[in-house]
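Chains as they are written, first to last, in the working numbering: chain A, 1 to 391; chain B, 1 to 230.
Honestly, the hints are just simulated from the structure, not real lab data. C-beta: ideal position from N, C-alpha, C; glycine also. Hints are not guaranteed to be accurate.
Listed next, the stretches of chain A that the computed footprint assigns to chain B, with coverage defined by at least 3 CB atoms under 8 Å from CB atoms of chain B [stated by the list, open to error]:
{"no.": "1", "region": "4-17"}
{"no.": "2", "region": "294-303"}
{"no.": "3", "region": "307-316"}
{"no.": "4", "region": "379-388"}
Below, each chain spelled out in residue letters.
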Amino acid sequence: MRYVEALKIAIRSILSNKMRSFLTMLGIIIGVTAVIALVSIGQGSTRSVTSQIQSMGSNLIMVNVMGRGGESSLTYDQAIVLKDSNFIAAISPVISTSVTAMYGNNSVDNTTVNGVNGDYQSIRDIQVAAGRFILPMDDEGRNRVAVLGSNVARELFGFTDPIGKTIKLNGQNFTVVGILSQKGSSIAGSDDDSIFIPLKTMFYFAKNRDIRQIYIEATSPDTVELAKNEINSKLLTIFKGDTNAFRIIDQSQILSTVNSVTATLSLLLGGIAGISLLVGGIGIMNIMLVSVTERTREIGIRKALGAKKKDILLQFIIESLTLSGLGGIVGIIVGYVLSMVLGSAMNINAKPSLSTVLISFSFSVIVGLFFGVYPANKAANLNPIEALRYE
Amino acid sequence: MDNILIKIRNLTKIYKMGENEVRALDGINLDIEKGEFVSIVGQSGSGKTTLMNIIGCLDVKTSGEYFLNGIDTSKLSDNQLADLRCSEIGFVFQNFNLLQKMTALENVELPMIYKGVPTKERRQRAQMLLEMVGLKERMHHRPNELSGGQQQRVAIARALANNPHLILADEPTGNLDSKSGSEIMKIIKELNERGNTVVLITHDPNIAAQAKRIVRIKDGRILENEVVTP
Chain A
1 MRYVEALKIA IRSILSNKMR SFLTMLGIII GVTAVIALVS IGQGSTRSVT
51 SQIQSMGSNL IMVNVMGRGG ESSLTYDQAI VLKDSNFIAA ISPVISTSVT
101 AMYGNNSVDN TTVNGVNGDY QSIRDIQVAA GRFILPMDDE GRNRVAVLGS
151 NVARELFGFT DPIGKTIKLN GQNFTVVGIL SQKGSSIAGS DDDSIFIPLK
201 TMFYFAKNRD IRQIYIEATS PDTVELAKNE INSKLLTIFK GDTNAFRIID
251 QSQILSTVNS VTATLSLLLG GIAGISLLVG GIGIMNIMLV SVTERTREIG
301 IRKALGAKKK DILLQFIIES LTLSGLGGIV GIIVGYVLSM VLGSAMNINA
351 KPSLSTVLIS FSFSVIVGLF FGVYPANKAA NLNPIEALRY E
Chain B
1 MDNILIKIRN LTKIYKMGEN EVRALDGINL DIEKGEFVSI VGQSGSGKTT
51 LMNIIGCLDV KTSGEYFLNG IDTSKLSDNQ LADLRCSEIG FVFQNFNLLQ
101 KMTALENVEL PMIYKGVPTK ERRQRAQMLL EMVGLKERMH HRPNELSGGQ
151 QQRVAIARAL ANNPHLILAD EPTGNLDSKS GSEIMKIIKE LNERGNTVVL
201 ITHDPNIAAQ AKRIVRIKDG RILENEVVTP
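The whole structure should be built from the sequences, with the hints applied where relevant.
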């Protein structure tokens, strides 16, 4: 009963000063909107990065060789014997170099060429749009064939069908046997701008047999750790126990690194937005203090008529809660719309989660409560005689 | 004994102003019976407003005793004093003290809200009271749409809301022209005739003379206690 009356008084008071109430709420609205939009976008981009990493293949293990002293790389044989394991399904050493690719008068500079073997397709889950990928027989035969990333194919050939055509890589002829599907950029770099040739062809093409990068596919997600341990011990033998000579990374490691980065980022964004909520709360306190002073006489009258401290306290706290709560609700709506719009513009799913909405709303209410208590207490403790005399 | 509404014994009120002590009330003794119509008269600075504040439970004494309807007010907490104001005392102020944002009806309902009277009953009683003071047609107007006399009648209706024993009127005609003023005095006299105890604080001898008893106060002391013979 008492709460209903206090709520009625609060609503009446908010309505009687529409402009001021709106401006007061604006602080909370902006705060809640910012929290919801920023946190949702943060979470949305985290989800999209996560799914990109997962699309690299959950069994993927990457080995980078930095070397030690004279031994800065592995030989092909040293690399390929890593496959002698129950836990490893496929392995592809990779040698990369940068070339100028030409077809007729079209050329593309500084394109990455990767020398890979036939296993690479399944390790990286590569989709071919036309033709085929590098096959084991290409590798064994040191065939001069190339598979083009979608961007490279478009730049060199335009609307011409590239399959079967001959391109020049640094002046040497290669026959195009396949085109990759468009993949979009990912955290692990994009294959769209790359060219793939057989690894053993690469040995001659780049005059380089040093293996510094190996892609490995474990037999299942459960054997990733076992495979890593095995690779680690084999490489330690090769590099004479120097753990800094190589690095073994799997997808879950990348995922957890990226997740910790994005979590920090989301927290930071949320924190900045939270500060604007806090500032909104200070705005509420400011207005409530003005309101208490303005209504000193009203408070005096109410007290003379029998209002207890509690009644006055309740009236002002409910008023500030109503302001912050209404601001919170409007903020949720605006924040929701904003995240959806920004999300679709950034091509991520930024739908605010229920917990984000609930947390930011309750934070706005807590802010209203916190910053409403002081003015309300000031009002409740007014001396009725002095309040009645106040002009 | 049962018939005494206000019993004041040796009441003092001292204000401290820096180093100086101001004795606003200095040993007041006063009994007011139920159903009386008493006016308290004095110049400004005589202590009559302080006395009214203490009688109205808005202020607390420095020493002495004050019983309202047998209740020792010195033993009450702030909340209990608020309850006492709510149900035992009806205030009528010189400047009406109505809430400007509320209609006449809502203003009259206000004391009943604090007493916890259910909405429906509250509304009915407020309508009845406004009808009684002759404002049936204007109950949905706000104070600034009413004349001074009308506003004071709303205030009287409000004072009666919780059917208090005591009506405490502080210069009720002070802000009114003589015609409205005499209308208000007529209503107050009627209230007294119906059995309400009325204490009227004024500096105007003509208004004071309309009460049944006049208490004159000067420098915080009661000068004389005279019964008016009509």
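Structure-based check of all given hints:
1. 4-17: Coverage by chain B holds for the region 4-17 of chain A (4 residues, Cβ < 8 Å).
2. 294-303: Since 6 is at least three, the answer is holds.
3. 307-316: holds (count 5)
4. 379-388: Answer holds; 3 residues pass the 8 Å Cβ test.
Violated hints for the displayed structure: none, as all numbered hints are satisfied.
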